[in-house]
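Starting from two chains that each stand alone, build the complex the way the hints lay out.
The residues making up each chain are set out below.
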Amino acid sequence: MVRRFFRGPYQFTRLYKKPAILLEEREFTDDLDENLKSLKKNLGDPADLVWRRLESGKETTAVILYFETLVDRDLLGRQVIEPLNRRLHEVKGPLDAEDLRESLTFPKVLAVTHLHQAVERLLAGDVLLLPAGSRVVLALPLLGVPRRPVDEAPTEKGIKGPREGFTETITDNIGLIRRYIKDPNLRLEKKVIGERTKTEVAVVYLNDLANPDIVAEVRKRLEQIEIDGVLESNYLGELIADRRWTIFPLVQETERPDKVAAALLEGRVVIFVDRSPFTIIVPVTSNELYQSQVDFYYNPFIATMLRLIRAVGTIIAVTLPGFYLSFISVNPELLPQTFIQLEASSRIQVPLPAALEMLLTFFAFEVLRESSIRFPAGLNLIIGVGGGIVMGLAAINAGLVSGITVAVVVFCILGTFNTSNPSKEQAWRWVRYLLFAAGAVFGFMGVIATGVLVLAHMAGLKSFGVSYLAPWAPPLPVDIADAPVRLPWWASYRRPPTYRPREEDRLGKTEGEK
Amino acid sequence: MLKEKTGIGPGLFFMVLYVSLFGYGVIHAPRVAAEYIGPNGYWGFILAFILSFPVMAGIAWLGRRFPNCSVIEYLPRLFGGFFGKILGFLLLVAILVLMIRTSRIFSGGVNIFFLRRTPAWASAAFFLLVSLYIARQGIEGITRLAAFVFPLTFVLSFLAILFSMEYMELDNIRPVFFFESGLAVAAGTANLFSPFMVLLTVLLINPYLTRKEKSFPVMAGATTLASFLILLTIVSGIGNYGAEGILRYSFPVFELSRKAQLPFVLQSFALLFSATWLSQVLVATGFFYYLLAEGAADPVSRRTIVPSRSAWI
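Those protein sequence lines, which keep their order, are chains A and B.
Position one of the first sequence corresponds to residue 19 (my numbering), numbered consecutively onward.
Position one of the second sequence corresponds to residue 919 (my numbering), numbered consecutively onward.
None of these hints come from the bench; they were simulated from the model.
Treat the hints with caution; some may be incorrect.
[Said to hold, decoys possible] As a list, the in silico SDA-like pairs of lysine to any residue whose alpha-carbon atoms are at most 20 Å apart:
| # | chain 1 | residue 1 | chain 2 | residue 2 |
| --- | --- | --- | --- | --- |
| 1 | A | 208 | A | 253 |
| 2 | B | 1177 | B | 1143 |
| 3 | B | 1132 | A | 492 |
| 4 | B | 1130 | A | 493 |
| 5 | A | 209 | A | 225 |
| 6 | B | 1132 | A | 494 |
| 7 | A | 175 | A | 316 |
| 8 | B | 1132 | A | 493 |
| 9 | B | 1177 | A | 355 |
| 10 | A | 126 | A | 218 |
| 11 | A | 238 | A | 207 |
| 12 | B | 1177 | A | 351 |
| 13 | B | 1003 | B | 983 |
| 14 | A | 178 | A | 506 |
| 15 | A | 216 | A | 60 |
| 16 | A | 175 | A | 353 |
| 17 | B | 1130 | A | 492 |
| 18 | A | 208 | A | 220 |
| 19 | B | 1003 | B | 1015 |
| 20 | A | 216 | A | 188 |
| 21 | A | 175 | A | 315 |
| 22 | A | 110 | A | 120 |
| 23 | B | 1177 | A | 353 |
| 24 | A | 55 | A | 132 |
| 25 | A | 208 | A | 239 |
| 26 | B | 1177 | A | 492 |
| 27 | B | 1132 | B | 1015 |
The shape of chain B in the complex, shown without the other chains (with noise of 0.2 Å):
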């Protein structure tokens, strides 16, 4: 007899995990890795995604450490009451950082590409107001929404991407092992590093996650799954466009993703594309959304107390 559920197993996560760093780190990266980097920026991300291993493997540690008690709850016992609670609230800094950047860089990119002529606050007022819903249905209902997107999403964000590699120029993304300066692929590495941000969102579920032993595996699963989808269209993008090329465009991926066309029913597949990056940022917002919220809550030891919460709202 199956026991009911009422925390997130490790399906749960690793699809929230996988639906959050796609939707956060997808849209800017071939610009950044072009821009640091230059025709073979891939590498960047490459190293970037190797960097993670040893957080994510540092954040499986802590939550084995502390395996009922979420970041906020644990870092004063590590750092003190005072440094604790300073170090609690710039980790929360920053992830309210990442999703106002996320949310911006969303809404900005909708607005240019489908609402030209709706105010920019109407639809980005809109889509946090989705995301202020999603939040509401608390870690359970935002982890089987993100269950829900996960394989659609999946499938049509690769086809997507897999499409707009027709016209790819191999000499766009050649040759391979040239760096033109050690500085340039560090700060490139630094900066592509800001998908892997999300990973921070791990501390703050822990409490939730009922196979903490799995946690590394999971981690480690989503986001190389996220990454190879990332690299893809990093590679993509620079191959179609080139170097220099790609900073031509504001939203290098929509431009890329409508080079992919679905002959007598889609003037391109960058609808689709779209469509899918759209429900994987709001449910990653409304994800992170909850986190701040929940996180807000932490610190004075009342995982319900509510005008803390909505003080962060």
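So here's chain A without its partners, still in its complex pose (with noise of 0.2 Å):
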């Protein structure tokens, strides 16, 4: 135990060591049938997996081979088996790989030699085609899944600024972002992670200005997940993270593309993960998880005063219900004359110690904030509002509650939205109940040092190596200078040095220019 408590600096390490799923790694025969036997084994026969023998004459010249469910038939029809039924009739005989190639008018076809290859493809969406007495097998990209429209994002709603948000589908977000940048330095790399959910993941950049140190980090600890599924960008999130056992996001989550290419912009690094609308930008400091990207749509005055409201109104959020508690509880002397009588007076008919009518107070609507989100869309409103209004009142009326503990909890409670992160808002949720405790145990002395250890801890966090403090703590001026204000865009001719670019100036000389 103590040994682990004073341990060095994080290493990552692999979560998983064995591979989840062992397929047969052999070539294909020049036997059709056998081949085809091979793959219906090795898949388990399901019920969605079609196969349509292309037949001339007697003779079966090739076999298509598809999942009905992942496959685009309207595509498949058009594309593969109209084409090629019309080469049989033309030809009027057998005909081999290379002749059911060049019928297709197909842009991009893959061909395979190996069992398992075939299989991946198969699983992926891929029609197969199996021609007779071949040893390749063709692989024809025609996923045509249901997919979901472009739309606004919900968790990142602005008044300014373009409406679009991401998507499920990885390539329609790719897209989405090539139409913001259109520089040839736009670099794409993908992998395929998860055993069993072979989920496409691209790592994007510009080659120009994301730190190569950076770059090399993220595909290293990209390479070394070993998992068998991965559903939503936050398993990726929490496995390349710099260190686990933290409540702070250590990654940067979004669903507005615009959000993500100013990223790539100040030379980040960006994670898309397919089948997940949120995408992944690395570094993060906890300094950038309140700004949000509609700052950068007004007026840089007005944008100055919302980075305020939001960073005041989390600091105040967070920390109200520990300083409330201690200075009701355990330090009344140090406010003043008139709050102490009109917090005596409120609390008259209380029965409850301070601490625990709170700790209801809190729990009430943190069950009723919890349950809004399954509500159906049209009673949301009406039941969270109204709900939370009667039930509020009827707790003071009742005498269970006072006034002021329910005005402290409500804005507390709204109040840590004011974050442009969810995670970073669940995690100052935390936050918020610890510094509680520690108030109703160790009253106003009590939160100052929790609040320190929290700070401790935020300190020793590091996100792809970039302090998770900066640029307060190690101090950079120049991005100092953009952090509680807004600069406007003529004086914003840096990159933040925070993230260590490879050319800071924005508008950087080109390579001789003096």
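As structure tokens, then:
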């Protein structure tokens, strides 16, 4: 225990050692029926696996094999079956693999020679074309699963700026970014992660801006992941984070393409995960999670005010319960007389001790908050707001809680949404209860000491080698100028040095230029 | 392209030193000054401050002479194996004593002013656990934490001391150049030198400093800034209560910051001052913890060795 307490810096280690699935890694034979049998055997002959023989006279020329639940059947008919039938009709004899390939007007045909590769392609939504008498199988990408249209990001809405949000389809998401950044330096590296889910992951960065050490580190950490399935980007976010035991998000997740484009222009690295509308941006600092992309669409003075409201609002929302409790239950002498009288008169009928009263009020509102997420859309506002008001008033009138306590709790629960990142908001929820407990036991000084403890924890965090408290600690004056205030664009000629970009000037000189 | 920082740059060095010097030095300075020297006890502190410069120069010189070693590593080279290790041990003991003394003072102060019904051991244990957690973040984490708390704590401490001067009686600190005896001034100066003992920690963090050539100006800057605030506190303390009056209080600095008020918001400024002071003491104690653990590991030439570090804890 003691040994672990003073351990060295966190080392990234593998989580899983053994591959989950073992497929036969043998080559195809020239016997069509045997190949088909092997494929069906490896897949367990599921009900949605369809095969269709293409016959020329009495002989089978080829077999088409696909999952009817995965492929676009319309495209399959128009681009594969129709041209092949036409060709068979013209030739009136057997076709070899080369003939089949030539008769297709398909832009991308992959030749597969091994059984396990064919199974992987089939599961990825490809149609397999097995020519008779050939050791090569043709894979045609015809994935046709339903797609959600591009819509506004529900977790990061803004009054100004683009209304686009990412969807669950990785190609659509990358396309959205390509529309923002038309730069040949935009690099895209694809990987497949997840033994069973074979989730497509794309690492995107601007080659001339992103720090090569950070790009290499992202690659290394992704390669080290061995997991059975990746269903959402948070799976990767957790696995590539610099430290596992922390409540604070060490990667930034966003649904907004404009935010991702801005991050790329700052020299950061972006990770797209198929089937997740949330994209990961690394490195990240705590300060970054208070900046909204919408800040940059407003006048700098308005944006600065919004940033300050966000930061100060969050600080108050997180610390207020702890301070309030310490002032009313442990250190009332620290408050001015009028406040003490006000508080005492509002609590005169309350039978519970202050800490318990506040804890129960918090619990009631947390339950309401959690259940309001699952209310039907039309009823959400009525039941959520109406229920909350009715319940709060009823509790005050019954003398169960004081009005000030309800005001503090409601403000704090709503105030933590100030942060523009959902993961950070959840982290502050934890901290709020920690400070609350410290305030109940050790009063004002307990809240301060616990606040220092939380700050110490944050000071020890890094995201891909970048201090989590940057640009405040270590202090980077260039970045600090753009932290509480939003610098006007004419003054933002430098990229944030916090992320160590290769080129700090936004309009950097070209080689040889003086 | 900036490179990742793994050591302590001049900025972080300045802040961690300031936080430690002020946190460990401010609380008893007015009382000691008044007790040993009297109404113009601030002279003792000024003399102690002047005396700290040769000490800083010596520390900076040693740092440049042995750039990649801590004092525990190079003492045996200077004084031979046995005496070197004994001296290193004594240095660690001195730091330990300073840490224990200040920890005791601050948990005592907190108990008297904020947690009267809480057993002293409970609050002391809580604060020490927080310091231990701070120590666990390593030298980078500690210095970053110091950098984070520095601006706010500096401003609030300065304002608290400044506002407390509102009710100061100038007659309490006059005559300015009157000394009852040279011996009293010498004794007071020696006692008021204790805040500057914090400078000894620089001997231990020397290998981590990235710009050793700047260590003297940084030390001088941090010491001057912290000393300026401590001096203001002494002047304000004696000026408010008089040299004899100040001796009535166990924690005159807290009493002093009670004089400043934020109308309609806080009963007294003591609240904010104590919050900033506690933050600084916690960071400094975490820093000392870490250095003790690090120093204890060095004699066996294994900076990462764990059991000897934990033994200190």
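Which of the numbered hints are not met once you compare them with the structure shown?
Structure breaks hints 2, 16, 26 and 27.
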